[in-house]
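S.K.: Protein sequence lines, in the order shown, are assigned to chains X and D.
The first sequence begins at 3 in the working numbering and counts up one residue at a time.
The second sequence begins at 20 in the working numbering and counts up one residue at a time.
The hints are simulated quantities; they were obtained by calculation from the structure and are not laboratory data.
These numbers were taken from a predicted model, which means no experiment stands behind them.
One or more of the hints may lead you astray.
Unchecked claim - Result set (DSBU-like, lysine-lysine): computed pairs, CA atoms no more than 30 Å apart in a straight line:
(1) Lys129/D x Lys97/D
(2) Lys670/X x Lys120/D
(3) Lys803/X x Lys130/D
(4) Lys686/X x Lys120/D
(5) Lys768/X x Lys22/D
(6) Lys710/X x Lys106/D
As the list claims (entries may be wrong) - Covered stretches of chain X (in silico footprint by chain D; criterion: 3 or more residues with CB under 8 Å from a CB of chain D, positions within the stretch not fixed):
(7) 187-200
(8) 678-692
Heads up, the beta-carbon is just placed ideally off N, CA and C, and yes, glycines get one too.
Given next are the chains, with one letter for each unit.
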Amino acid sequence: MSNYLLFIIIVCYLAILFLIAFLAEKNAKSKWVNNPYVYTLSLAVYCSAWTYYGSIGNAANSGISFLPIYLGPVIACPLWIIIMRKILQISKQHKISSIADFISLRYGNNRFLGALTTVICLLGTVPYISLQLKAISETFEIIVGTPAATPNRFFDDSTFYIAVLLAIFAAFFGTQKSDATEKHRGIVTTVAFESILKLIFFLTIGIYVTYYLFDGTQDIYDKISVQADFTSLATLNGLEGGFNWLFTILLSFMAIFLLPRQFQMAVVENNREKHLKHAIWLFPLYLLLFNIFVIFVAWGGTLTFGDTTKSEYFTLLLPLQNNDTFLALLVFLGGFSAVISMVVVSTLALSTMVSNNLIIPYGYLEKFIQSHPEKNSSYIKNIRRISIFLIIIAAYIFYVNFSIELSLYSIGLISFVIISQLAPSFFIGMFWNRGSARASTIGMITGFLITTYTLILPFTLDSFAGFRDWVDKGFFNINMLRPYALFGIDFLSPPAHAFFWSLICNTLCYLFFSIIVKGNYRERNYAEMFVDNKNYFSLQDNVLVWKGEAYVADIKNVLIRFLGEERTQRALNLFFLKYKLPQNTQLADARLINFSEKLLTGSIGSASSKILIDSVIKEEEITLPEVLKILEESKEAISKNKILSEKSEELTSLTSQLKKANEELILKDRQKDEFLDTVAHELKTPLTGIRAATELLQDESEMPAEVKDVFLNNIIQDTDRLSRLINNILDFEKLSTDRQRVVMSKNNIKITIDKAIQSIQHIASKKNIAIRLKNQQTIVLLYNEDRILQVLTNLLSNALKYCDSETGIIAIDYKRLAGYLRVRVKDNGKGIPDEDIDYIFNKFYQSQDQNIIKPQGSGLGLAISKQIIEKHNGSIWAEKTYKTGACIVFKLPFN
Amino acid sequence: MKKKILIVDDEPNIVMTLEYAFKKQDYEVLIARDGSEALMIIEKNKPDVVLLDIMMPKVDGYQTLEYIKNNTMLVNTKVVFLTAKNKASDIEKGLKLGADKYLVKPFSVKKIFAEVQELLG
């Protein structure tokens, strides 16, 4: 195929891509552009020319060791749900536009760290881009069939023009807006489109080789397995091979997060977090499909050509050998697609980093402050455009001068190792709030230096100068310092070896310096926001410790320079609304400063925005004691709050206790009132009798003598009743107010009962009622004899009152039971009605069912008896089951 | 015709004095020891005036008064409360329920007689 024809085809293909990008930009809101499938396919930018050509070369030379590079991302995928979601949330919260921004912001908008990350990314990516150019150049030559271009005359080199075209494409679609966090739907859509193409073409050539050139997988396997070195190609090669696998898997696991192009696609261009859910299984599936035929194409090529010198291009050489030029062209276009995706996305990501984290913060800020917003915006865009061209040109120069000699696969791995130096600062920093900027810087530099010593230097020296002496014998002939076998670890492949040592030292430095050197307050604020990003909003408003003086007007001026008058005003209005501040607020607070920094981050990067905002505010460095004081104060407020709430709880419970006590008092008060009422009533009744009788006796001189006698007798009765009542009331009061202690002594219950019977005997005899004591035995226990006598007399006289004359019988018995003495007084009177039985021991309670003439009594007898028994720790009650009269029982304890 | 007076009280000593005094003034004196007994006598004898204690077992003074006031046959029966309850609230309650007079214990027999006379015109 002629040189020009192929070039025209390439230009046409690029034109199609331009068209797709243009349409996608125009319909940026369309469902065709914003869906999880486009997102997943755009992640396939991971599969560059390295995958497309390099993995076949690697498979042909080293067997299945090409696999780990794809296993890493597959293993990483489930973790995405945790890590990537967090990265996405953080990046959206802070308007992060690149991995350099991410790391720099995590460590408190550290300008140097952002720049360092950018440099590492540049060093890791430029050779990688040159590798893509090399692939284009070499495949171009294979298709047109002419020898390699002479490096000196690059104006004749088609690769140069292709590189320029790619730069134009990236610059055109990558710098439409000055805010780098704006989505590049055009580029994303073309990448997705190219991902489909490269997969289809790669599968096509795989099927072509396996099933057209050979008779299926079994055929290839049978033929290759008779070759001498077959076993080493198809196995892991023991423990050492296993370690190599492990490290390569780890390496690619990190790369999927850290490669600038992956970060660009997965984080910056992500517009919906939920797209991750699809990507989690679709992306591994894509990688799996891509790798199905790799080993068979590699073996097929080896079988066909007899050696593996050109194994990277078996996919082109095999169809060409069979005169299937069209198929070879398709394969070429697939590879070309892979190259375009990788180069465009990488340069876009790098240009953002170079402008926002390297050039602007280190030189252009002064200029921006004095300039107009439109000018600033175009300045930023131009810096990015120039960066894109410079990066591609740098890659081209690197390609022309260095990488012709190197294999695709090895350059790819070196890039991975360099990029992986970001890993400790990136991953640990996201989950550990102690990680500090100083530690991160030291770790990265250490890791990079070790990578240089163990990988980059020996590799380049070996490739170009053939200088292997140093590699084999070590620095100053010290065996321990051999670059490929540091400290005697000689069983790892050079990239795995470099990865192992650099990352171990990097991580240890990071951890060590983080622990011994604390970051400043600003760093710690951001660390907190990254680590605890779920509480971002509360943290953002509360944790940021800030001290100084700033005016809204000054900050507004800075914002206007980058965002324009209208956008600035709109943003500030929103801010004031959100925090309920008046629109004419004069003094800015920490929240506004934070907010403004975030607004600018998208345009000029986090470090620059911090420097810019700092330039208009007078921030005073907060000393540690001050921070502690602020913390102490808030802690104090919290503890005060706690004490207050405790006090309030106490008060509430006290109130309820008081309420209860008050209710009890009210009840007692009412009971007291009732008691007094009843006492008054009881006292008034005999008084009334006396008053009336005396009046009659006084007035009636002619009153008959017998009537006079009745009245006089009544007066005596009533007087007795009055004095009895008064005695009982006093007695009752004494007993119920605890004033009187009951003095106990040893007594025989038999004697006490006999005394009681005796005192009441004459009344009983008058009514002809028999009183029987059933027991005779002596039982001695401690009690106050007078009081118990009072109780017994009371019970007996009650019984007498309710028993009928002549037929009445009162029976007393007592019995020793477990621990106490039981005494019962029974009569055969009319008994106690059921509705009264629970109340008869209440004071002044008299049965509601008294059909007989009211017996003489104070109404306090049983109440007093109850109190006496209770003073003896005993109990008294009326037996409910006794139906042939009344039965009152009391118990007295023995001790 | 003799005026009929019913004395309702559970204290025999008090009843005795009132009985003596009204009999002497030529009243026909009826006696009941509680509300239920009183109601039976009232139905049967339709007294002109009832001297009514309040705190009595079974049917108390209030209930007895209510019965009398609700019985159309007894519109001419006057009711006088005679009780130891002498708080203002008790007196108010008694008069509200329709008692014609409210007298408190201890009392002067002469005064009771005078009040009853006045009531019967």
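S.K.: Next, verify each hint and record whether it holds.
M.R.: How the hints compare with the structure:
| no. | hint | result |
| --- | --- | --- |
| 1 | Lys129/D x Lys97/D | holds, 19 Å |
| 2 | Lys670/X x Lys120/D | violated, 33 Å |
| 3 | Lys803/X x Lys130/D | violated, 35 Å |
| 4 | Lys686/X x Lys120/D | holds, 20 Å |
| 5 | Lys768/X x Lys22/D | violated, 41 Å |
| 6 | Lys710/X x Lys106/D | violated, 34 Å |
| 7 | 187-200 | violated (count 0) |
| 8 | 678-692 | holds (count 10) |
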